[in-house]
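Number of protein chains: 2
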Amino acid sequence: MIRIVVDCFGGDRSPAAQIDGALAALSAHPDLALVLTGDEPTIRRRLAETETPYDPARMEIVHAPSVIDPGEKPTDAIRLKRDSSLMTAVRLLSDGEEEIAGLVSCGSTGAFVAAGLLRVGRLRGVIRPAFCPILPTMNGGIVGICDTGANVDVTPAYLVQYAVMASLYLREVYGVENPRVALLNIGVEEEKGDDLRKTAYPLLRQTPGVHFVGNMESRDLLSGDYDLVVCDGFSGNVLIKSTEGTSLEMLKKLKKDIYARPLYKMGALLMRRMFKEEQTYMDYQNYGGSVLLGCSKVMVKGHGSAKASHVTHCIEQAYRMQLGGLSAKIEQSLENLPQELQK
Amino acid sequence: MIRIVVDCFGGDRSPAAQIDGALAALSAHPDLALVLTGDEPTIRRRLAETETPYDPARMEIVHAPSVIDPGEKPTDAIRLKRDSSLMTAVRLLSDGEEEIAGLVSCGSTGAFVAAGLLRVGRLRGVIRPAFCPILPTMNGGIVGICDTGANVDVTPAYLVQYAVMASLYLREVYGVENPRVALLNIGVEEEKGDDLRKTAYPLLRQTPGVHFVGNMESRDLLSGDYDLVVCDGFSGNVLIKSTEGTSLEMLKKLKKDIYARPLYKMGALLMRRMFKEEQTYMDYQNYGGSVLLGCSKVMVKGHGSAKASHVTHCIEQAYRMQLGGLSAKIEQSLENLPQELQK
Numbered sequence: 002m003i004r005i006v007v008d009c010f011g012g013d014r015s016p017a018a019q020i021d022g023a024l025a026a027l028s029a030h031p032d033l034a035l036v037l038t039g040d041e042p043t044i045r046r047r048l049a050e051t052e053t054p055y056d057p058a059r060m061e062i063v064h065a066p067s068v069i070d071p072g073e074k075p076t077d078a079i080r081l082k083r084d085s086s087l088m089t090a091v092r093l094l095s096d097g098e099e100e101i102a103g104l105v106s107c108g109s110t111g112a113f114v115a116a117g118l119l120r121v122g123r124l125r126g127v128i129r130p131a132f133c134p135i136l137p138t139m140n141g142g143i144v145g146i147c148d149t150g151a152n153v154d155v156t157p158a159y160l161v162q163y164a165v166m167a168s169l170y171l172r173e174v175y176g177v178e179n180p181r182v183a184l185l186n187i188g189v190e191e192e193k194g195d196d197l198r199k200t201a202y203p204l205l206r207q208t209p210g211v212h213f214v215g216n217m218e219s220r221d222l223l224s225g226d227y228d229l230v231v232c233d234g235f236s237g238n239v240l241i242k243s244t245e246g247t248s249l250e251m252l253k254k255l256k257k258d259i260y261a262r263p264l265y266k267m268g269a270l271l272m273r274r275m276f277k278e279e280q281t282y283m284d285y286q287n288y289g290g291s292v293l294l295g296c297s298k299v300m301v302k303g304h305g306s307a308k309a310s311h312v313t314h315c316i317e318q319a320y321r322m323q324l325g326g327l328s329a330k331i332e333q334s335l336e337n338l339p340q341e342l343q344k
Numbered sequence: 002m003i004r005i006v007v008d009c010f011g012g013d014r015s016p017a018a019q020i021d022g023a024l025a026a027l028s029a030h031p032d033l034a035l036v037l038t039g040d041e042p043t044i045r046r047r048l049a050e051t052e053t054p055y056d057p058a059r060m061e062i063v064h065a066p067s068v069i070d071p072g073e074k075p076t077d078a079i080r081l082k083r084d085s086s087l088m089t090a091v092r093l094l095s096d097g098e099e100e101i102a103g104l105v106s107c108g109s110t111g112a113f114v115a116a117g118l119l120r121v122g123r124l125r126g127v128i129r130p131a132f133c134p135i136l137p138t139m140n141g142g143i144v145g146i147c148d149t150g151a152n153v154d155v156t157p158a159y160l161v162q163y164a165v166m167a168s169l170y171l172r173e174v175y176g177v178e179n180p181r182v183a184l185l186n187i188g189v190e191e192e193k194g195d196d197l198r199k200t201a202y203p204l205l206r207q208t209p210g211v212h213f214v215g216n217m218e219s220r221d222l223l224s225g226d227y228d229l230v231v232c233d234g235f236s237g238n239v240l241i242k243s244t245e246g247t248s249l250e251m252l253k254k255l256k257k258d259i260y261a262r263p264l265y266k267m268g269a270l271l272m273r274r275m276f277k278e279e280q281t282y283m284d285y286q287n288y289g290g291s292v293l294l295g296c297s298k299v300m301v302k303g304h305g306s307a308k309a310s311h312v313t314h315c316i317e318q319a320y321r322m323q324l325g326g327l328s329a330k331i332e333q334s335l336e337n338l339p340q341e342l343q344k
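So the sequence lines, in the order shown, correspond to chains A and B.
Using the working numbering, the first residue of the first sequence is number 2, and each one after it goes up by one.
Using the working numbering, the first residue of the second sequence is number 2, and each one after it goes up by one.
Derived by calculation from the structure, the hints in this document are not laboratory data.
Please note: incorrect hints may appear among the correct ones.
If several chains are the same, the list does not tell them apart, and a pair holds so long as it fits within one copy or across any two.
Said to hold, decoys possible - Calculated cross-link-like contacts (lysine-lysine; reagent style PhoX-like; alpha-carbon spacing at most 25 Å):
(1) 277 to 266
(2) 199 to 74
(3) 74 to 330
(4) 344 to 330
(5) 277 to 254
(6) 199 to 253
(7) 344 to 308
(8) 253 to 266
(9) 82 to 330
(10) 277 to 308
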């Protein structure tokens, strides 16, 4: 049995999306058990409303009366709001009686990172945990970005560790055999970029277990030529948000322009299914959340606007990470790095 | 008469696009004079081929036998290839007998920046010149990004200067009255980001002549809520290339998907004009190039894949910068900054 705790109070559609998503994951995986944290009466009410049958032996509820607000200062929030749904989940993860493998939350990103770093702790050898979201590429594949904001001040050693951890993640969870790893840079030539990139480049090339293919410019993220891009958390954040933002803005503009003329509306009617598929394809709700790689337990951060299906994806991601034994593999691989690239 | 020098050998379609673009700009502006640099026989041949009538009194050709390759190391290239089309243009700009206001080139970006910094020089008070390209927003407006790669290692003072220079540029060249300036960051709250952003935020708020509206996440670049975004050259480069890359990849995917089914093709036929307009709207060829703000003369870098129309836009950009007296206004505004934010 793989046990995962779900923080039910965090995200625009919580707790309904979290609870519905949990029920769907539970019925899909007979060897999955879930613990839901949050206001117990509210959770029970929702469970009664949905009338979805579930195995009570695999579904536990742990009451947590308060909620961490996205605007709260993360370090204060995790220190002062111990009875929040997130911190209750973290406590169960760290020292619950029955072993819990992972945590899923769609709440405050800052509090999630702080809790991961300060309460859950790191795997052996990890300098700093890092986010690794996955995006669909334009040729039907996927691409991972590590890091997208857990650490804004980084050294070359961080980038090497990101490459090691995220390569394993792509292999174990998404079946990408020998992930092609690129370094995000302002040009493809080896000598491009600032000191961080210039120092990281040769290190990445020498790292065992990392299939480094060179620098990548941000315009090629969705080309399908790369499986993983490593970067500092600041530029990774700029990269993922501009990629998501541009595709959303474009779809919005297309929609507006279509409604401007009856002829276009007619054309769009014929293409309705295609547009729907396009939208589904671009919608990050249909993919998993952002994994915080390098924590001693599996930590998955879902989108703040998560619908039930997205929560299900996040739970399944945590489940597959545990099933693949990712944590042990990360520790083993980091041990093989030169001493100066380990914690 | 406003005189501008055009480097005709640099860019995938050079020199044809450069020469054709120059002719179009010349006929549109009676008070514009151009100097073309590059292999004279080739230029003369193209001028004869096009058979476009032009006023020879406003069109000069200066022979330059060599070309700087995009792969060459910039500092070596500008030192060793003095007879290249770019460096000949730079020499005319710096110490030609008749006063030349600006330079347009679509060649090596690195050599362009190095030449601007080391040969053309800076305006009084400028710490470092910075690129400021312009993108179309999704509501029909424009947004500027400063910097997109001229400087990858920056201090808060750079960002303040970018805000001052680019605000003036948007006002003088694009008629944006009181540009709303944002700081590119990983969240909108004031305390977000690394030390650079945290220090720059209050400085930007205090800067006279800068209408600072706070942090912006990259996903909102095209929203139309901002006229200018300031950032370090690394993340600005990531931002512009991922924005351009995503829209191009999406259009490519749409096209491919449309061709997959006859029904969709039929629908697309009805929407042909819309798709064409969409493509025109997104195509950066239809906008000007990237201005290197802060140089003592006007410097405009066009796209490497520039077509003639893009070259025309770049020349007109340089023309309007000179017409608006931008350089003097930048020097005046920088003088008003506190001493520690000036060169």
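First find the shortest C-alpha distance between residue 277 and residue 308 inside one copy, then the shortest across copies, and answer within, between, both or neither for a cut-off of 25 Å.
This pair counts as within: shortest intra-copy Cα distance 17 Å, inter-copy 35 Å.
Tell me, please, which holds for residue 277 and residue 254 at an alpha-carbon limit of 25 Å: within, between, both or neither?
both (15 Å within a copy, 14 Å between copies)
Could you place residue 199 and residue 253 in one of the four classes (within, between, both, neither) given a Cα distance threshold of 25 Å?
neither (39 Å within a copy, 33 Å between copies)
Between the shortest in-copy and the shortest cross-copy C-alpha distance, which are at most 25 Å for residue 74 and residue 330: within, between, both, or neither?
For residue 74 and residue 330, the Cα distance exceeds 25 Å both inside one copy (34 Å) and across copies (42 Å).
Homomeric proximity label, residue 277 with residue 266: Cα distance no greater than 25 Å:
both (14 Å within a copy, 16 Å between copies)
At 25 Å max between alpha carbons, let me know whether residue 199 reaches residue 74 within a copy, between copies, both or neither.
between (34 Å within a copy, 15 Å between copies)
Evaluate residue 344 and residue 308 at a C-alpha cut-off of 25 Å and name the case that applies: within, between, both or neither.
neither (37 Å within a copy, 51 Å between copies)
One pair to classify: residue 253 and residue 266, alpha carbons no more than 25 Å apart. Within, between, both, or neither?
both (15 Å within a copy, 21 Å between copies)
Indicate which option fits the pair residue 344, residue 330 if close means a Cα-Cα distance not exceeding 25 Å: within, between, both or neither.
For residue 344 and residue 330, only the intra-copy Cα distance (16 Å) is at most 25 Å; the inter-copy one is 52 Å.
Could you place residue 82 and residue 330 in one of the four classes (within, between, both, neither) given a Cα distance threshold of 25 Å?
Answer is neither: 34 Å inside a copy and 53 Å across each miss the 25 Å cutoff.
Violated hints for the displayed structure, listed by number in ascending order: 3, 6, 7, 9.
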